[in-house]
Structure formats: structure tokens, C-alpha cells
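Peer 1: Now for the letters of each chain:
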Amino acid sequence: MILADINVHSCLFLLFALLACGLAIAVAATSNVVRMAFYLTLCLGATSGLFFLAGSEFVGSMQLMIYVGGTLVLLIFGVMLTAQSRFISMQTHAGEWVLGLMVGASLLALLVVASRGVEDWQQKRTDAASIPLLDAHDSTALGLGFSGLRVDQLDQQDPVLRAGMSGYLLPFVIVSMHLLVVLIGASYMARTKRMSTSRLPDRPIAAPRTDRRRNVFVAGLLVIGMVINLVAAIKMFAIIPLRPMIAENKFGEAVTKLWHLVPPLDTAPQWAFIFLGLLFLANVLLLVVVWNWQKWGAIGLVIVPLIQAWVMSQGGFRTEDIVGNLAIGLLPVILIIVLLCTGKRPMWSQME
Amino acid sequence: MAQFFNHVLNWLLGWTGLAFTDGSWSGYILAAGVHIFLLINVVAVGALIFIWMERKIAGRIQDRLGPTRVGGKFGWLQTLADGVKLVAKEDVTPKDADRLLFKLAPYVSFAASFTGYMALPFAFGWAAQEVNVAVFFIVAVLGLEVFGVILAGYASGSKWSLFGGMREAAQVVSYEVPIGLCIVVPVLVVGSMNLVTIGEAQAGLFTNWLILHDPFTFLIFWVYFTCAIASVNRAPFDLAEAESELVAGFHTEYSGLRWSFFFMAEYGSMFLVSGLAAVLFFGGWNGPIPIFHMLPAVPGLDGSPSGHWAYEQDETSWRILGFLANVGGVHNLIFKAAVGVTVMMWIRWTLPRLRIDQVMTTCLKYCVPLAAIFFIGALCVKMDFPFNLWSPHDHAKDTWGHTFAEVRESWVLAPNAVGEAPAAKTAPAAPAKPAHPATAKGEPVALTPASKEPQP
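These protein sequence lines map, in sequence, to chains P and Y. Everything in the first sequence is counted per this note's numbering, starting at 1 for the first residue and increasing by one. Everything in the second sequence is counted per this note's numbering, starting at 1 for the first residue and increasing by one.
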């Protein structure tokens, strides 16, 4: 009965394969660049159809996303930007034909030889019905391979080879870093140059910098604040390695006493110090910002102690320490802001 | 479905001597035909209704009535009248056009918009093709619709069209970046790219919907919706067809049915991105209250193993009550998607069109950074950072009170794979063996240390 004998799978494979090949030939045979791009789209789409037919949906979608979507949009972009008459209809010379045929034929020969070399493809499979096609629908193995685990190589016996079966995490990271660098480089190359932007009329014009006056007290406070915050940040970062040594009283009584001036550093968890150190560093930066006549620095100076208090409360510090730290952090800031806002010509009005 | 058709064929044509086994191709082709017919109708009938709705909404927003006469009180047959008009119009091709591409472009656009529906589930298990990486597939296909537009713009041989096509290309390519970042977040939370799994993970009360999962998913939905509007080329991002500047943009030279294909594609993609939003963020086919999960099975009729109407996970056989529950689910999904489409219309008739530089600024300076920040935030919620730093718990629940969806297989597998000495599966000499041990099925640690003979 012929109706029952038709293998739809093979028919569809033939259909998609013929589509892909025919459209590939059409790409080569057309002289119009945009039509070539169009045929190439359809050709690559038919290839992704082959992947779907083979049950590997992830690779099929990947083909659609990367080749059909990304590459061809870019290609059409290129075509449109360079759509001059000599590209619209390209004349191929005989020499180009010969060269192209040589390259194409050698690639084809390579592929044929390679495919003949696979033993499994030499004879027809007898167990076609028992192949677990459904497994290929799952991209888990692929994803695990990229995140550092080859689930298809779990039965590798050789311990030396086994170490090498740790997946494609490193190549994956290298490739993604490479792409990131390329992206940043491209946006750097393509950005508008500063010279021309400054000439645009609607750019906000900064206040003249010449006649700004810095209050002596404010300047002194800012410098002292920077020094104190820097020391505090260094201390916070140093606490983790130094804590056991202090506990053993290695540096002598005086240092230990000095150390314990700021209590209860023995109990709090390590992460809190990292956060606090970063926040102190942020304080230094904000003070520099205020020094450079930016208003938002002052606002940041108020917010940072509040965040510090929150971090300390999460880290199990005593309430009096939290309040004390808050006071030590906030009072000078308030003093600075008051000083900024007072005087004959308040600095606040000169800031941006 | 294919099996069902084969049974029907056997019953109908058995007397002729034809035998239709379960795997016969006739059933598959019939099933595919039915799926395609249903989906084409989702797009076509959907466009019919949405175009009428758009007119009514536009009318109401502009303080007028909109269509009132054709087909009775509300003018609900207006689109049909439009269709008749479009069929009757002459199909003109300009002299300078690239004839082949000009004629093909509307079909490319429509086919791309339609293909996305193949992977969109309308109820539990009701997808034309249940793709394992459905989210990824839909995103990939959504990006293809721009081809039709670019081709139309180029092939028309008109500067208006070319400008429209170029604008659309620039816009869609840029907006694919934030939309991809947004879609990753629900995938991250659920731990699967299968839309059926994502939808089913939100079953239960509406508090299970991913938009209410944590603050970041709530915020990222709005980024997604903005980018979705831009990627389906709707106002305020409809630069490709800006009527006041480019006549009609990329479809300036089109008329008749070819023109209407572009519009079917547009309404089709609107419904598609809204449906995707419904599945990813709003529980898909699950209603706000899980009625079908609570309704007890009717005595005499069949119930699920747990004695309710709705299908359980992993249930495959056909049941009348499960079927009814799924029909309810389809209504849920279509309602949610239609709400999304309605909001898009509301936005279209409320906001003025952006300039091209504003469109790019919205994408690159706002949507991408916001999406990246919310992505990192959602990642922190998923990993329970920073709370896990000082109170490592049993990882059954995070600080926000959510149960972790699933521990990733690699986390379970890694100690087994790397730590122990060659704990071999049975195959000593099978490098070309098909790749899969039990891992893909979610029983990862089933490595039996059977034969320990070392390989040569």
C-alpha cells in the first residue's frame, strides 16, 4: 500500500534540502545584491527547517536568530548603504567564475570526503525506530556543556581526559568577552565627537568657573573628611586579615587598645566590613565631587551614612554603635551643608 | 492529535481496506492542517476584530463615535466592509519597483508574524508545536518580520518607502537587545524556556503570576511592554510609516490585499507579543483564581488523578473535563492578550510620535540599562543575594518567601561529575553513543557505578 509506505520525515527532509540547495544556487546565480540577500535569507531559513526536522529546536532557533535575523539584517543594511548602480547589478567576469568554481568545488570535495569518512553513515541504520529522537528536543546537555559540564562525557574513564571534559565554559567566556570588547569599540568609534557636540546650541551652558570662591572652612572640612573617610575605608578592608592577629595581641597593648576604641569588631560578619569599606570609599568620592562644585555630592553624603546604618543593623552591630556612627557621619555633613548655604555669596548658588 | 485523526480515518475508511496505524502520515498532515487553520484564524479573525476595536477606541479617545452603521449598532462589520473594499482595489506595482521582491514582501512579513504562533501555547499543552525553547524561538521569529518591511521599502523604488524601511530596520535591530534581556528574566525565575512549563509554574492564585514574583519582575514587565510596542512598530514608535512625514512609509506604494497583509502582520505581532507577555508575566492560561483546579470532578464523568477538572502536569490522555478546563484557559489567555492589545491602542492614540533620535535614546539610554539592572536584581532575588551571605539556609525558600523553582541540574551533577573517580555508566567503548544519560529527564544523579573497567 503506497499510502502507508511514504516516509513523511524523508519527504520533508528532501523538501527542505532541495529548498536550501536551490536557493543557494539562486544566490550564486543572481546578479542583484538585494535579491541575493533575500535568497540567502530563505536558504538559511530552510537550513533551520532541517534542524527543526532533526528535532534540535535550540540549534534551529539559533540559526534563525543569528544567521537569518542578525546577519541578514546587517547585510541588507550594508547593501542599502552602498546601493550604488554597480552593486545593484553586478557583472561577473569569466575569471571570477573560474575562481569561484574552484573554491566552491574544493569546499564541496572536502565536505564529501569528510562525510564519507563517518563510519555510522556508511550503511543504513536498522534500528531507526528505536532512536530516542525526543531527547534531542532538550537543549539541557548543550547548556550544561557551556556552563562547564559535559553530560555526554560522564562515562569517560581516563582521569587525564576527564579533566578536559569540563565543558566549554572558558571558550564561552572568552568569546563573550571578545564580543563585548568589539561592541564597546564599535560604539566608541561610532560615537559623536565631543568637539561637535559642544557646538550644539541646546547644550546646557555651564556657569563661568572663573569667579567661584571656595569658603576656607568648607575646604578644610572637605579635606579632613576625605582623609578620615579614606583611613576608615582602609581600616574596614584591613579588619578581616588583621582581626585574628589583634585577638592574639600581636602588635602590643597600645595598638590593641586603639583597635578596640571602635567597638564590637570581633563579632560582626565579614561581608559587612566589605560593604562599609566600599561605602567609606564612596564618601571620599562624594567629597571630591562636592569639591568640584557638584550639588549631588552633598546629597550623596547624606545618603551614605543612612545606608551604612542599614548595613550595620543587618550585620548585628549594637544599636549605640549604629546611632554613633550615624551621628559621626551625618553631623559634619550637615555642618558642611550649612556652611555651603550661608555667607554673603553662598557656595550652594555657585554649584551645578 | 495525529493519532486521533488516524483513528477517525480508520473508522471512516476502514471498509476500503486502507489501514491507518497510529504513526501514519495522513493523520499528521491532517493534524498539521487543523493547527494551521486554527492559527491562521487567530491572526485573521483577530485582525478583523482588533481593527474594528482600534477604530472604536480611536473614536472614543478623540471624542467621537467611530464606526456606527455597518452591520448594526456598533459598526462591528466595518472591517469586513473594508476587506471587501481592499479586495476590489487594483493591485498596482510601480514602474521602478523590483517586481518579484515587491510582490513577495507582504507575504514574508505575514509569514514571519504567523510563525511565532506555532510555539505560543494557548492553554496547558495546547500549542501547535510544543517547542522546548519556545521563548527563544518566538524572539528569533519576531525579529524576522522586519525583513518584509525592509524588502517592501527597498523594492517599492520610492524614497518614502526606503526611508520607512531603513527606520524600521534600525529600530527593530536596536530593540531586540532590551527585549531579549527582559524575556530572560521569567526564564531565569522559572528555570525553563518552555512556555508551557513557564505558564504552568504560575498556576494557582494570581499572586503566583511572575509579575508579582518580586519587585524586579514587576518593573521589568513595563520595560518589556515598551520594547514590545517598539518592536511591533506601533505608535509612538511607528516611524516606519509616519503618515505626517513619509506619506505611509514602507507601504506607500502598496494597495489592495497586499497592503492588508502588512496590517494583518502588524495586528498578528501585536497579539503575539501580548500573548507572550501574558504567558511570561500574567500566568498565561491560569485565571486569577484557579477555578478549574478547585472544581471537583463530576461523578460519572472523568476527573484527573487528583479529582479536579484541570489537567495535571504530565497528564497526556484526553478527558472531557480537562478539555473544558483548557477551553477556559484559552479564554483566559486570549482575554489577557486582548487587554495587552487594547493598552497598545490606548497608547497609540494618546502619545505623539517620537523622533528617530528619541526612539534610539529610549532604547539605548533607558530600556537597555533598566533591563540590565532589573535583570541583575532578579538574579539577586533568585540567588537570595545578599541575604545568603550571612544566613546560609537550606535553599528550599529564599528570603522573599518563594520556593525555589528548581535547583539547576549542573549544581546537582557537578560534584558527581568532577569529584568522584570515574564512576562509569555501563558503556565502556561507546564514544559515538547518543549523548543522553538520564540527565535531560531531570533525574540527574542516576549514575550507576556499574562496570569499572578502565579504558585502554
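Please note that the accuracy of each hint is not assured.
As the list claims (entries may be wrong) - Some, not all, of what chain P presents toward chain Y, calculated at C-beta under 10 Å:
hint	residue
1	Cys11
2	Met65
3	Gly277
To be verified - For lysine-lysine, the following DSBU-like pairs were computed, each having C-alpha atoms within a straight-line distance of at most 35 Å:
hint	chain 1	residue 1	chain 2	residue 2
4	Y	Lys85	Y	Lys95
5	Y	Lys95	P	Lys295
6	Y	Lys95	P	Lys235
7	P	Lys235	P	Lys250
Treat the hints as calculated values from the structure; they're not laboratory data. From the three backbone atoms N, C-alpha and C, an ideal C-beta is built for every residue, glycine too.
Peer 1: Checking each numbered hint in turn, tell me which of them this model violates, lowest number first.
Peer 2: Hints 3, 5, 6 not satisfied by this model.
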